[in-house]
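Those protein sequences? They're chains D and U, same order as listed.
When we follow the working numbering, the leftmost residue of the first sequence carries the number 8, and every step to the right adds one.
When we follow the working numbering, the leftmost residue of the second sequence carries the number 8, and every step to the right adds one.
Note that these hints are calculated values from the structure, not bench results.
Among the hints, erroneous ones may be present.
If several chains are the same, the list does not tell them apart, and a pair holds so long as it fits within one copy or across any two.
[Stated by the list, open to error] Under the rule of at most 30 Å between Cα atoms (straight-line distance), these lysine-lysine pairs were calculated in the DSS-like manner: (1) LYS214 to LYS23; (2) LYS206 to LYS11; (3) LYS206 to LYS38; (4) LYS24 to LYS11; (5) LYS23 to LYS144; (6) LYS214 to LYS168; (7) LYS15 to LYS75; (8) LYS75 to LYS202; (9) LYS144 to LYS38.
There are 2 protein chains.
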Amino acid sequence: MLSKNTIKRITRLGQKKYRIGEGLFVAEGVKVINELLESTFQLQEMYTIDEDLFTACNVKVISEQELKKISFLTTPQKALALFEIPKEVTSNDSGLTVALDNVRDPGNLGTIIRLCDWFGVQELICSEGTVDCFNPKVVQATMGSISRVQVRYVDLPTYLKNSSRTAYGTFMDGDNVYKTIVPQEGILVMGNEGKGISKEVEKVIEKRLSIPRFGKLQATESLNVAMATSVFLSEFRR
Amino acid sequence: MLSKNTIKRITRLGQKKYRIGEGLFVAEGVKVINELLESTFQLQEMYTIDEDLFTACNVKVISEQELKKISFLTTPQKALALFEIPKEVTSNDSGLTVALDNVRDPGNLGTIIRLCDWFGVQELICSEGTVDCFNPKVVQATMGSISRVQVRYVDLPTYLKNSSRTAYGTFMDGDNVYKTIVPQEGILVMGNEGKGISKEVEKVIEKRLSIPRFGKLQATESLNVAMATSVFLSEFRR
Chain D
8 MLSKNTIKRI
18 TRLGQKKYRI
28 GEGLFVAEGV
38 KVINELLEST
48 FQLQEMYTID
58 EDLFTACNVK
68 VISEQELKKI
78 SFLTTPQKAL
88 ALFEIPKEVT
98 SNDSGLTVAL
108 DNVRDPGNLG
118 TIIRLCDWFG
128 VQELICSEGT
138 VDCFNPKVVQ
148 ATMGSISRVQ
158 VRYVDLPTYL
168 KNSSRTAYGT
178 FMDGDNVYKT
188 IVPQEGILVM
198 GNEGKGISKE
208 VEKVIEKRLS
218 IPRFGKLQAT
228 ESLNVAMATS
238 VFLSEFRR
Chain U
8 MLSKNTIKRI
18 TRLGQKKYRI
28 GEGLFVAEGV
38 KVINELLEST
48 FQLQEMYTID
58 EDLFTACNVK
68 VISEQELKKI
78 SFLTTPQKAL
88 ALFEIPKEVT
98 SNDSGLTVAL
108 DNVRDPGNLG
118 TIIRLCDWFG
128 VQELICSEGT
138 VDCFNPKVVQ
148 ATMGSISRVQ
158 VRYVDLPTYL
168 KNSSRTAYGT
178 FMDGDNVYKT
188 IVPQEGILVM
198 GNEGKGISKE
208 VEKVIEKRLS
218 IPRFGKLQAT
228 ESLNVAMATS
238 VFLSEFRR
């Protein structure tokens with residue numbers, strides 16, 4: 008049986024202030040939870056409707072109806088777990104890093120974390136206005152990749168100014184990325200879904216890049232930020 | 008005032024059988040509707056909460072509450088329109104085509120249509136098991152690109168067998184796409200979200216491609232089908 012208090016405590020974790028207050032975040036589904044269990048992330052509590060699914064301690068068996076009450080998904084999976092938010096590790100100013108300037112959509116951030124994981128980008132830098140990576144929708148969209156990519160929130164203009172690496176920004180009028188020699192080391196800055204890169208960040212960008220449009224019609228909407236990130240990361244890594 | 012019958016008729020268009028029966032599909036939001044109005048798509052009816060938004064005929068002004076009743080979105084936009092499903096045009100067996108083998112997620116199909124638009128792929132071929140492109144969620148995710156990409160549903164193995172172009176399939180064990188010379192003409196086949204390319208389609212694939220994983224850990228989930236499509240299209244077009 009889940010107490011009213013427990014239900015309230017868990018559903019509140021949908022809000023960032025309560026995640027910070029408790030130092031916990033929610034992960035759902037067997038696949039995502041298993042990936043987190045195999046990582047350095049610390050499990051605090053687990054709720055499942057099927058006790059045979061997990062061998063971890065602290066597993067509480069609950070009913071489907073109870074799971075519905077604490078789940079953030081339209082179609083709840085078989086388990087929900089609370090993990091501790093890890094402490095931030097200081098980072099190296101080397102290799103390839105992705106930096107996000109006010110990306111607001113949880114699905115986009117989750118997909119970008121997954122792309123970083125695939126393309127071997129170990130650190131993702133986010134402006135303070137970027138959606139929180141421990142938002143339940145982001146955790147879900149990463150499919151477990153959040154356990155392998157370090158996400159850090161910083162004052163982005165200051166971070167870029169202080170880095171010894173080149174900051175590459177993505178703009179509609181930037182140089183054709185297919186005709187530009189991009190190195191293995193640098194910071195790839197991606198902008199907000201609607202507004203692109205902000206004025207303050209634009210000032211500290213050293214190289215402007217773009218993906219040429221191949222469709223003939225100018226009507227074509229710009230590429231979604233996650234799609235564009237996959238093309239740019241592919242170009243940096245190929 | 009919306010009659011009960013009208014509400015029923017519109018909400019039913021969420022199901023494929025009613026879309027086929029009526030020959031209509033739903034589009035929502037000013038941006039998407041405007042893009043469709045500028046295309047060859049034929050408007051049938053339009054409902055809006057703000058009469059100043061559109062100059063088209065057949066515009067009915069309704070209340071926000073009424074819009075909620077007919078909208079397929081969690082947060083309804085300001086307008087909803089019914090357009091006629093266009094007749095299929097026969098296609099040329101030339102250029103670059105994307106073919107989908109049982110892609111089931113509406114968001115993925117919508118994103119792939121948008122990618123085709125960006126990368127100048129005018130035709131998207133779908134297996135009969137692929138989600139319907141006039142599903143309201145797909146139309147929404149295309150952001151209007153559906154008016155510029157012709158989507159055709161076919162028996163995929165037969166289509167590939169009869170085409171004179173090379174069929175490129177994407178597999179985990181395929182040749183590294185970055186080390187393969189890919190031409191401007193061909194058919195890029197992408198598989199189902201969980202199962203990849205089916206056995207029947209695999210038999211008629213002529214060239215197997217893959218995107219190498221750069222992350223060190225084998226745990227990394229394969230790339231989402233829309234992400235992978237963006238990387239492959241970028242390689243075909245660059």
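### Message
Need the list of violated hint numbers for this structure, in ascending order.
### Response
Numbers 1, 2 - these are the hints that the structure violates, sorted from lowest upward.
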